[in-house]
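Trainee: Based on the provided sequences and hints, a complete structural model is requested.
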Amino acid sequence: MATTKSKSLKEWNTLHKNGPFPLKTLYQTKLEGERLMPKKLDRYNDVALEIQRLIKETHQAGDGFRAYGSAWSMNNIASNKDRMHFNGAMNLSMPILDHNCHKDSNYDPSNLFLFQCGNTIKEISETLAENGKSLSTTGASNGQTIAGCISTGVHGSALDTGAVQDYVVGLNLIIGPNVGDIVYIEPASKPALSNDFVTTLNTRVIRDDDLFYAALVGLGGFGFIHGIVVEAEPIFLLKRYVKKISKSSAFELANTMDFKNSTFFIPEETDEQGNGKRPYHFKIFINQYSNDPNCVVELMYKKPYKEPYPDPFPVIKESLYKDLIFLFVKLAENFPKSIPWLVKRLRKTILPEVNEETTGMLKEIFWDAPYQGPAFACSFGIHHKHSEKAMNLLGDLTRNEGPIPGIFALRFVKQTKATLGFTKFPITTMIEIDGVLWKKTKKIMSLEEYSKRMVEVLKENNIPFTIHWGKNNAWDFPGLVNLMYANKAEDWKEQRKKLLSPEMQEMFSNKFLKTVGLA
Amino acid sequence: MKQIKFLLFTISFLILTSCYSVRLRNVNGAPQLDPFSERDDYYRGMAVIEIDTVINIKLTSKDFTYLIKENDVCESGKLNMIEYRNTLGSLFLSAITFGKKRKVKIKYVCEKPQN
Chain H
47 MATTKSKSLK EWNTLHKNGP FPLKTLYQTK LEGERLMPKK LDRYNDVALE IQRLIKETHQ
107 AGDGFRAYGS AWSMNNIASN KDRMHFNGAM NLSMPILDHN CHKDSNYDPS NLFLFQCGNT
167 IKEISETLAE NGKSLSTTGA SNGQTIAGCI STGVHGSALD TGAVQDYVVG LNLIIGPNVG
227 DIVYIEPASK PALSNDFVTT LNTRVIRDDD LFYAALVGLG GFGFIHGIVV EAEPIFLLKR
287 YVKKISKSSA FELANTMDFK NSTFFIPEET DEQGNGKRPY HFKIFINQYS NDPNCVVELM
347 YKKPYKEPYP DPFPVIKESL YKDLIFLFVK LAENFPKSIP WLVKRLRKTI LPEVNEETTG
407 MLKEIFWDAP YQGPAFACSF GIHHKHSEKA MNLLGDLTRN EGPIPGIFAL RFVKQTKATL
467 GFTKFPITTM IEIDGVLWKK TKKIMSLEEY SKRMVEVLKE NNIPFTIHWG KNNAWDFPGL
527 VNLMYANKAE DWKEQRKKLL SPEMQEMFSN KFLKTVGLA
Chain G
76 MKQIKFLLFT ISFLILTSCY SVRLRNVNGA PQLDPFSERD DYYRGMAVIE IDTVINIKLT
136 SKDFTYLIKE NDVCESGKLN MIEYRNTLGS LFLSAITFGK KRKVKIKYVC EKPQN
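As given, the protein sequences belong to chains H and G, one line each in that order. So for the first sequence, the numbering used here puts the first residue at 47; every next one is plus one. So for the second sequence, the numbering used here puts the first residue at 76; every next one is plus one.
Note that these hints are calculated values from the structure, not bench results. Only a predicted model underlies this, so the values are computations on that prediction, with no experimental measurement involved. Take every hint as true, because none was put in to throw you off.
Mimicking DSBU-like on lysine-lysine, the simulated pairs with C-alpha atoms at most 35 angstroms apart in a straight line are:
no.	chain 1	residue 1	chain 2	residue 2
1	H	Lys63	G	Lys180
2	G	Lys182	H	Lys127
3	H	Lys486	H	Lys293
4	G	Lys153	H	Lys349
5	G	Lys144	H	Lys70
6	G	Lys180	H	Lys76
7	G	Lys182	H	Lys53
8	H	Lys53	H	Lys485
9	G	Lys182	H	Lys485
10	G	Lys144	H	Lys53
11	G	Lys182	H	Lys76
12	H	Lys539	H	Lys431
Mentor: This is how it looks when you write it as structure tokens:
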């Protein structure tokens, strides 16, 4: 039998210390050992019963319940004041075989895998690599769990690929304590698994497009995500370049996404006519405090997998231009602790000149990002054609009403089908500021005030936007969710009501969902 | 006076330069996490085992092997990362005991078990 450890606590915090948030009980469930229960399927079904037991116990106590993975979200979306469940030890994985597929499935079965909720992106990438496969994209990092990624819409900067949830094929959810409360949901328009296989998971099948796309970025509100079926692809290499180019060229690319006719191109990455190729990944780093007319960009081009290739780790390990928090902390580490001093120095700091070239698998290029201390991150999704305008507005705000101890980056992501996916524009620019947490003073506004001003500035300038669900922001801004998603927010709530009983809706709600009006 | 200052400076310099840590980390595999941990350093959220002890080596022994065993904090019994610390004190201890006593100050995190 799977076993659960529990601990009474008063509070819980995220990895980057964005809390603390109140908590009464923290659970951690471990699967039965392989020696006692050799079949993976048996262990998977056994632990589902244990989770149902915890749900029952929580329901009887009249408490709320929320599962979390790596605690990488920077707000209270993963928190519940009553009971929380750490999923990290639930990391089974199973390939989907040919005969497990639905008769109308268009998927290549060799690309389908079932991962249990607590698998991190790193674990999944390694399992896939052992099978000659790769994820299509990640959150440009590897520590998040798969359930956490899709619940909050985690994205990289794969402009023609999408966010992590966009390669999810089906969801296995535990929505209550009773028999029949374990469901597998996939779109009716794109079935993947056969009923016979789903039955072996002690699960009932729901094929429903609207429900699937609502639950896909479910914000933890659609029950306990137990398993996720993902579509992988044959393993590939990425050729990564980090270059310093003029801001005007970078923003022309951001606004148009026209890499073919751009004045900037990488000579090795051109077509037969000498035009620039479209990259797999494009990212712009901006120090808004500096007058440097140039900025650093990161580009990656997809290549077929072939061995040998040069060891990417010497470059990846030392590169400044990885995670935005990492870059900021590295820029700031020799500066005084005082924020005004830090910002004063940042005004004189240009992003260091670079000319990096690396080749590696996705899992190598986006390798471990070590803990950098207390940090904040605010991230807005906008239509890519507004990239320059939005960057100028938010940069001005940060300089004129700040200072704020962070710097900006822009990433680009293909449109999602998820009802509340924040990558909702045809190509969404995710414009983000990351940095170190600070305390409000007479001269420096608080993070809450800064977030509110960013929302106000985008609204006043008629730039439609969304906000990354897992990051800091003015989540209590009046009418925020309707402003971002209009009637889609109501559709999401309707689908949630369709799936969960009123008691379970309450149990799987939390303060975050209540604040944004989605509970 | 000058000589005392020079001596103090040399000792401080030796102490500072002889204290260092080296961390080794697997490229593959994930560290075992501990949701109940309250650490606030590089190992935040990880299940860390710290050893700070002195081992006694028999005169007849050529070397010494410390065994990493399976337990609650190291479920896989496999290493994911290890950090060792060297100090001037540990060097002296080994020197004055002719290698019979060795200071061991390490932190390690095991691989997250694969299910």
